[in-house]
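Asker: As a plain string of letters, each chain reads:
2 protein chains.
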Amino acid sequence: MPLIGHLDPAFLEIMNDVQRLLRYAFRTENRWTIPVSGTGSAAMEAAFANLVEPGDTVLVPTNGYFGSRMESMARRAGGEVVQVHAPWGRPLDPDDVEAALQKHRPAVFGFVHAETSTGALQPDVPVLTAAAHDVGALVIADTVTSLGGVELRVDEWNIDVAYSGGQKCLSCPPGASPLTLSDGAFAKIRDRSQPTRSWYLDVGLLESYWGEERSYHHTAPISNIYALREALRLVAEEGIEERWARHLRVAGALKAGVRAMGLEMLPEDAWWLPSLNAVRVPEGVDAKAVTRRLLGEHGIEIAGGLGDLAGKIFRIGCMGHACRPRNVLLLLTALGEAVQREGATVDVAAGLAAAGDALSRD
Amino acid sequence: MPLIGHLDPAFLEIMNDVQRLLRYAFRTENRWTIPVSGTGSAAMEAAFANLVEPGDTVLVPTNGYFGSRMESMARRAGGEVVQVHAPWGRPLDPDDVEAALQKHRPAVFGFVHAETSTGALQPDVPVLTAAAHDVGALVIADTVTSLGGVELRVDEWNIDVAYSGGQKCLSCPPGASPLTLSDGAFAKIRDRSQPTRSWYLDVGLLESYWGEERSYHHTAPISNIYALREALRLVAEEGIEERWARHLRVAGALKAGVRAMGLEMLPEDAWWLPSLNAVRVPEGVDAKAVTRRLLGEHGIEIAGGLGDLAGKIFRIGCMGHACRPRNVLLLLTALGEAVQREGATVDVAAGLAAAGDALSRD
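Chains L and R are the protein sequences, given in the same order.
Sequential numbering from 1 applies to the first sequence in my numbering.
Sequential numbering from 1 applies to the second sequence in my numbering.
Quick caveat, the hints were computed from the structure, so don't treat them as lab data.
Incorrect hints may appear among the rest.
[Stated by the list, open to error] List of simulated lysine to aspartate or glutamate pairs, EDC-like, C-alpha gap at most 16 Å:
no.	chain 1	residue 1	chain 2	residue 2
1	R	LYS103	R	ASP134
2	R	LYS312	R	ASP286
3	L	LYS288	R	ASP56
4	R	LYS188	R	GLU53
5	R	LYS288	L	ASP8
6	R	LYS103	R	GLU53
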């Protein structure tokens, strides 16, 4: 079938649908809620490149891979980067955040709601945003691995800018990536004294296409936007809160199974991230051999650790469409078998029984 | 079907295919030949953001919409912009280019091989690149509307960087966009004293993913890369020179038909662009009413003029899969009818006869 053009009247209706459905998924009324024409990192760069002006102080976290990426993007936008520290695999402590905010008084504070590299969820988001707003900072939240899978309330939690990707909890092919900006964030962008350093991602210019005018800025990735609409429609059909509950229930069974089998989760329950389960690699086991076995023998792709956690954790996605009881039981069986064949001792049957219990309890 | 992951061994093979096929279509041996993770403007920005360093003088043309975009991107990269002039709808004069190069001695010279906004092809490319290299400038060519449709020889013509889009002569959904860089261009990027202002489009960082290492930089738009591979496979199956010849023959029939009908082409034959045919709007005719009729009554999308040429031309694509005799005959009939109903006098039958003659001659 020929594609519809990106300025075709029929496509403009699809754009309206996508914007409405994105607002629903983000739990926001933000007018500036759009799909960015690229994968999640493009939406991330759209957030930093637009919001950060040369000379702005930008506070970023050190507790995972994506905090470093924030740093790199903020620097390239001309920002002066300062950090708030926490170890990889743990969330930020609100007291540390507040102290860093008071000390540095940044223009922008970025944090990662769901750290894909470590499986840590950031609790206490409203406490962090309140502390940031107290010093006049705007808050950027990385919600790549939370949007559509984990409780996220952009407006209620007073997040100024949030971005995400398609291929995590929305179960959508990557290529058009959610971004939402508050009026306050958009005002900072509109009042910039120098243009955004990226033309492609300039939110002020994108206004002409995604705002009322619907005039040409750049060619949109048509088929990715169709796909995103369909993915978001499925979110709306299920209901966003029901979807969060499903992730808690199904990934909860995964966590219970992992523990009952005799393996350890990296996160404590207070910052366990249902959509990305970090499981410690048992002593003496070659993590790569396990992930190769899962892919080669079962067609299941899990990831290893990055940075400080390389070789130390398995990262097991439980996201969107794939977050289902049958996948959890398959994974537990395959993972148990693989770590045993690589020399660990685990009780697969106990793991499956515990997962079954957890699934039938709710 | 579940998507393959962007780091899956099976996908790495697909990446190799895409790079090999892109080299074929660009007529280059450039190692740095990749699809950029965004639409054509992302590939364009990748070219300018990487190649232009703060303080570099950048020479850009004024003869169409995309020269202005080059200017905007070069400025955002920190470049000092100077211009070489030609009216909208005409190519650059090599003497003017040489004079501008000698006067400004830029680090980078950008030109548009096929101006989508005006339907003008830039002839004499090897003359322009030789003049640029004489003053030590690297040359960026916008080949958005030429790659896969119009003769383009990156290596033979000594173009340093060329970028394109999927949705023009490759007939591919937009979202992964061709970019090729010579070793000389890559060396300038590698030796930058400051990082590229875009993290997402940083060619130096992309080396880790598209080079031998194949390690994570950002999530690639998987399904767009599949689509691009398929589009490029069709180019290779047809043969690139055969494809150029088809565009000349079929669009030549369109041009003959337009003229025989009594309408005028904007370009002279020396800079006629087969893939994008600019036809003058007859005196007194409302161009928008005509494009609306074509879309509403025939499902044919043509575009109007931009900038200096708004309301003055129709822009009729004849690209890739759509560049076929039946489409030319349909378009001529529908366009003739529509301009007549909007008050012009044309001879549709004569147009069709001339198109038929042109098609049967070759």
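Asker: Determine for every hint whether it applies to the structure shown.
Answerer: Structure-based check of all given hints:
1. R:LYS103 <-> R:ASP134: Holds, because 12 Å separates the two Cα atoms, which is no more than 16 Å.
2. R:LYS312 <-> R:ASP286: holds, 9 Å
3. L:LYS288 <-> R:ASP56: This hinted pair is violated, its Cα atoms lying about 46 Å apart.
4. R:LYS188 <-> R:GLU53: holds, 9 Å
5. R:LYS288 <-> L:ASP8: holds, 13 Å
6. R:LYS103 <-> R:GLU53: violated, 20 Å
In terms of the numbered hints stated before, the structure departs from hints 3, 6, listed from lowest to highest.
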